[in-house]
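**Q** Using the sequences and the hints given, assemble the complete structure.
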Amino acid sequence: MTAWDALRAALDSLRANPLRSALTMLGIVIGVAAVIAMVAVGAGARDQVLRQIASLGTNLIMVGQGSIARGGVKLGAGTASSLTEDDALAVLAEIPGVVVTAPSVRWGLQIVAGNQNWGTVLFGITPDYMEARDWDVAMGRGLSDEDVAQANKVVVLGQTVVRNLFGGGDPIGEPVRVFSTPLTIVGVLAEKGQNTQGQDQDDVIFVPLSTAKRNIPGMAKSNPRFIHTMVVKMRDGSDMAEAQAQIRDLLRQRHRLIPGQDDDFWMRDLSEVSATRDASSRALSFLLAAVAAVSLLVGGIGIMNIMLVSVTERTREIGLRLAIGARRRDILVQFLIESTTLSLIGAAVGVALGIGTAMGVAALAGWPTLIRIDSVVLAVAVSGLVGVFFGLYPARRAAQLNPIEALRHE
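Start counting the sequence shown at 18; every next residue gets the next number (our numbering).
If you are wondering where the hints come from, they were derived from the structure by calculation, not from laboratory data.
All the pointers check out, no bait thrown in.
Derived pair list, reagent style SDA-like, types lysine to any residue, alpha-carbon separation capped at 25 Å:
no., residue 1, residue 2
1, Lys170, Asn232
2, Lys170, Gln133
3, Lys170, Asp187
4, Lys170, Asn134
5, Lys170, Thr201
6, Lys170, Gln127
7, Lys170, Asp103
8, Lys170, Gln218
9, Lys170, Val129
10, Lys170, Gly136
11, Lys170, Asp153
12, Lys170, Leu126
13, Lys170, Gly159
14, Lys170, His245
15, Lys170, Arg150
**A** Put into C-alpha cells, the structure is as follows:
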C-alpha cells in the first residue's frame, strides 16, 4: 500500500461520515483560531506599546521639580524651584555615558493665528531636547542654538496644533501670537502620536528656552536659570540604574540636601516603563496562548475518541485487510493519516477563522492586531503533531488486531 493509497483510503473514510468528521475537527478549529486571533491581538497591543515607548525616545531619564513642604504640608510635585539649567550642564559634564541633557520649561496656554485659536502646551527648549526625544521635523526647520542665544521669537508647531489652526496647510512663515508675544512659525514637528498614558504628544509648540523665559507671562522671574524638567539621554548600553543613582547623588550635592532630607526633585527611568509594559504584554500573550493550548488539547482528545470508535466500527474491515495480505504497518499508517488529516483540515479552517476574527476585532473594536506568520505556522504544525500524537494509540490498536478475531467481530 503506497502512501497515496493510504491517503486516499483515509479521505474516503472521512467522507463516509462527514458530520462526525466535522464535529471531530471542531476542537482543532477552535484551538487554532484562538491561537491566531489571540496572538494577533496580543502582538498588536505589544507593538502599539513599543511604538508609544519608542516615541518618547530611548535611554532616557526624566528629572523634574520635586515637592516642597510648608508648615508640615507637602505641596506636591512641581512646587519646588531648585532645578536649574546649571544642573543640566553639571549632569552632562560629570556623569559618564550622558549624550545630551535637555532642560525645558512648559506652560499651558492659548495660541492664536488670525481668527483661530487653540489651547495647547508650550515647551521652552534647547535644540538638544529634540535630539534626546528623537523628534524629527516634518516641514521647515527646528530650533537652533542661535535662536536660544538671541531669544528669537520663533516657534515650531506640533501636528495637532497645525491641523486646528491651519487645517493641515503649510504654516511656515505664518505669524501666531502667544499672550501678547508675536512668534513666527519656522517648522512643523513630525507626528508622534499618543504616549503610554494616552496623551497627544503632537499637541505642543516649541519655542527657544530663552524666549519662553523672557516673553511668556507666568514663567519664574526670580531665578532666570529655573527649569521645570530636564531630559537626560544616555549612551546605548549604559547601566540606567547606576546612571540614575549618580544623577541623584550629584543633584543632592548641588542642592545642598543633608542626609535624610527628601529629594527636591523627581526622577523617572523610561526604560523601566518600557520593561514593565513589555512584561505585561508578554504575560498577556502567554495567558492567551495557554487558553488556546487547552483548546488544542481538547481537540486532540476528541480525535482520539473518534478514532477509537472508528477502529471498533471497522474491526471486520481491518481483519479483512490483514487477511488478504495488508501489513500491520499499512493499517497503522492509514489510521495515522486519518487522524493527521482531520487535524490539518481543522487547522486550515481554524487559520481562516482566526485571521477573520482578528480582522473583525480590529475593524469593530478598534483594537490593534498584528497577524504573525510564525504563529500561523506554529499553530498548523502543532495541530499536525496533535493528530499524530492522539491518533497513535488508536492506530496501534487497529494494527495489532488479530485477523481471525477481527473477522468474527459483529
